[in-house]
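**Q** Could you put the whole structure together from the sequences, leaning on the hints where they help?
In case you want the letters, here they are:
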Amino acid sequence: MVMTPDRGLGACKEFEQDLVLYHYQECSGGEQQKVESHLESCAACRRFLAELKNFLPATVTTDEPSREFWQSYSREIRAKLAEKEAETGWQWLASFFRPWPVPAIATAMILALAVTLTFTNGRWPLDSQEKPEVLEMAADADFFESIDFLDSMDLLEAVEGKEAQTGEATPQHL
Amino acid sequence: MLSGRPEEFGDEELVISAQQGERQAFEVLVERYNQKAYRIAFDFTRDREEAKDLSQEAFLQAFSHLKGFDRRASFYTWFYRILVNLCLDYRRRKAKIGWESLDEKTEKGDGFEKIPHPGPLPDQQAMRRQISQRIGAALETLPPKQRAVFLLKNHQGLSISEIATVMKAAEGTIKVHLHRAVMALRQRLAELS
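Top to bottom, those sequences are chains A and B.
For the first sequence, the working numbering gives the first residue as 1, with consecutive numbering after it.
For the second sequence, the working numbering gives the first residue as 1, with consecutive numbering after it.
Quick caveat, the hints were computed from the structure, so don't treat them as lab data.
Ideal Cβ placement from N, Cα and C applies to all residues, glycine included.
Do not rely on the hints blindly, as some may be mistaken.
With a straight-line cut-off of 30 Å between C-alpha atoms, the simulated DSS-like cross-links for lysine-lysine are [what the hints assert, rightly or not]:
{"id": "1", "chain 1": "B", "residue 1": "Lys94", "chain 2": "A", "residue 2": "Lys13"}
{"id": "2", "chain 1": "A", "residue 1": "Lys13", "chain 2": "B", "residue 2": "Lys67"}
{"id": "3", "chain 1": "A", "residue 1": "Lys34", "chain 2": "B", "residue 2": "Lys145"}
{"id": "4", "chain 1": "A", "residue 1": "Lys162", "chain 2": "B", "residue 2": "Lys36"}
{"id": "5", "chain 1": "B", "residue 1": "Lys36", "chain 2": "B", "residue 2": "Lys94"}
{"id": "6", "chain 1": "A", "residue 1": "Lys53", "chain 2": "A", "residue 2": "Lys84"}
{"id": "7", "chain 1": "B", "residue 1": "Lys168", "chain 2": "A", "residue 2": "Lys84"}
{"id": "8", "chain 1": "A", "residue 1": "Lys53", "chain 2": "A", "residue 2": "Lys13"}
{"id": "9", "chain 1": "B", "residue 1": "Lys94", "chain 2": "B", "residue 2": "Lys145"}
{"id": "10", "chain 1": "B", "residue 1": "Lys67", "chain 2": "B", "residue 2": "Lys168"}
{"id": "11", "chain 1": "B", "residue 1": "Lys67", "chain 2": "A", "residue 2": "Lys162"}
{"id": "12", "chain 1": "A", "residue 1": "Lys53", "chain 2": "B", "residue 2": "Lys67"}
{"id": "13", "chain 1": "A", "residue 1": "Lys84", "chain 2": "B", "residue 2": "Lys36"}
{"id": "14", "chain 1": "B", "residue 1": "Lys94", "chain 2": "A", "residue 2": "Lys84"}
{"id": "15", "chain 1": "B", "residue 1": "Lys67", "chain 2": "A", "residue 2": "Lys80"}
{"id": "16", "chain 1": "B", "residue 1": "Lys145", "chain 2": "B", "residue 2": "Lys168"}
{"id": "17", "chain 1": "A", "residue 1": "Lys84", "chain 2": "B", "residue 2": "Lys67"}
{"id": "18", "chain 1": "B", "residue 1": "Lys168", "chain 2": "B", "residue 2": "Lys36"}
{"id": "19", "chain 1": "B", "residue 1": "Lys94", "chain 2": "A", "residue 2": "Lys80"}
In silico contact screen, one side only, chain B against chain A (beta carbon under 10 Å); selected entries [what the hints assert, rightly or not]:
{"id": "20", "residue": "Arg48"}
{"id": "21", "residue": "Phe59"}
{"id": "22", "residue": "Ile131"}
{"id": "23", "residue": "Ile135"}
{"id": "24", "residue": "Ala138"}
{"id": "25", "residue": "Leu139"}
{"id": "26", "residue": "Pro143"}
{"id": "27", "residue": "Pro144"}
{"id": "28", "residue": "Lys145"}
{"id": "29", "residue": "Lys153"}
{"id": "30", "residue": "Lys175"}
{"id": "31", "residue": "Arg180"}
{"id": "32", "residue": "Arg186"}
**A** This is the structure:
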């Protein structure tokens, strides 16, 4: 039978807290000795301690749910954890599109461009020692044209020489 | 990656594995501590559904912040702190919303009917139930911090220094809270009887 505390009976005021701690075995060595020697001579404090021993454990209420409860508990928590994991993955991806990274990335890009232009004296892209092949060919186009012309002249002269040797007149010469 | 049965691994190995992205390792930790977590939450809520929600929320928060857990304390100590803080927040929220009157709660029984009470005789059973209801009602009247300290000490058996760590308070403050909680509870029970 659980004893309910008696409102009228109490412990000595100066020992009250120590008696509570004594009940929970939280007194240091010196305090414990002090409480124990006081208890030997004080009936009210002995009664108070007995009361604590009686009613404090009775305040503990336990709940023992069924096996079905625990099965459902496990199912629910697994589903919630999976959901949380997926949510965390998306949050990581979405973090790149949050307001702060956008200006940060833009600033970084502008800085990179400014540094590049500063160190290249505004020449961008950098001058290359090797000119593209197609430009060289374009520059030498006249030369190639004159070579072609000379080849044509050689061919004409060769044809004329051959005709002179055989004594035949070409229709062009007629 | 864990090779073998995950249930056979220690907490630290499971935590490392979970930190590397293995959700199954964390699920083993949940299975290992869900009953303890539920009981703590039940002490604070005295309601089965709310205790379930609170304890599950604590696991979810632990899972979300697992990468930041430096493993200096044990997983359970770290998790315990998350859970107790959630329970304290729950009490604060409840306190803000406002409680029903004590008399009304005592009349309704406040969910204590769900709790099985052992006892061979119907008279004894009824008496125990009545006492449990009174105790529950008396606990409800305690201020949140006193109640938390009392539950952690009386129900969970934590030492004063452990409670001080969990609640981030000085040991002297915890002792004062405990003393006041016990005295208020004693007074309230005397009044109810």
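**Q** Now tell me if each hint is right for this structure.
**A** For each hint, the structure was consulted:
no.	hint	in the structure
1	Lys94/B with Lys13/A	violated, 33 Å
2	Lys13/A with Lys67/B	violated, 50 Å
3	Lys34/A with Lys145/B	holds, 29 Å
4	Lys162/A with Lys36/B	violated, 116 Å
5	Lys36/B with Lys94/B	holds, 23 Å
6	Lys53/A with Lys84/A	violated, 45 Å
7	Lys168/B with Lys84/A	holds, 29 Å
8	Lys53/A with Lys13/A	holds, 18 Å
9	Lys94/B with Lys145/B	holds, 13 Å
10	Lys67/B with Lys168/B	holds, 23 Å
11	Lys67/B with Lys162/A	violated, 96 Å
12	Lys53/A with Lys67/B	violated, 44 Å
13	Lys84/A with Lys36/B	holds, 22 Å
14	Lys94/B with Lys84/A	holds, 26 Å
15	Lys67/B with Lys80/A	holds, 18 Å
16	Lys145/B with Lys168/B	holds, 12 Å
17	Lys84/A with Lys67/B	holds, 14 Å
18	Lys168/B with Lys36/B	holds, 22 Å
19	Lys94/B with Lys80/A	holds, 25 Å
20	Arg48	holds, 6 Å
21	Phe59	holds, 6 Å
22	Ile131	holds, 5 Å
23	Ile135	holds, 5 Å
24	Ala138	holds, 8 Å
25	Leu139	holds, 7 Å
26	Pro143	violated, 16 Å
27	Pro144	violated, 17 Å
28	Lys145	violated, 16 Å
29	Lys153	holds, 6 Å
30	Lys175	holds, 6 Å
31	Arg180	holds, 9 Å
32	Arg186	holds, 4 Å
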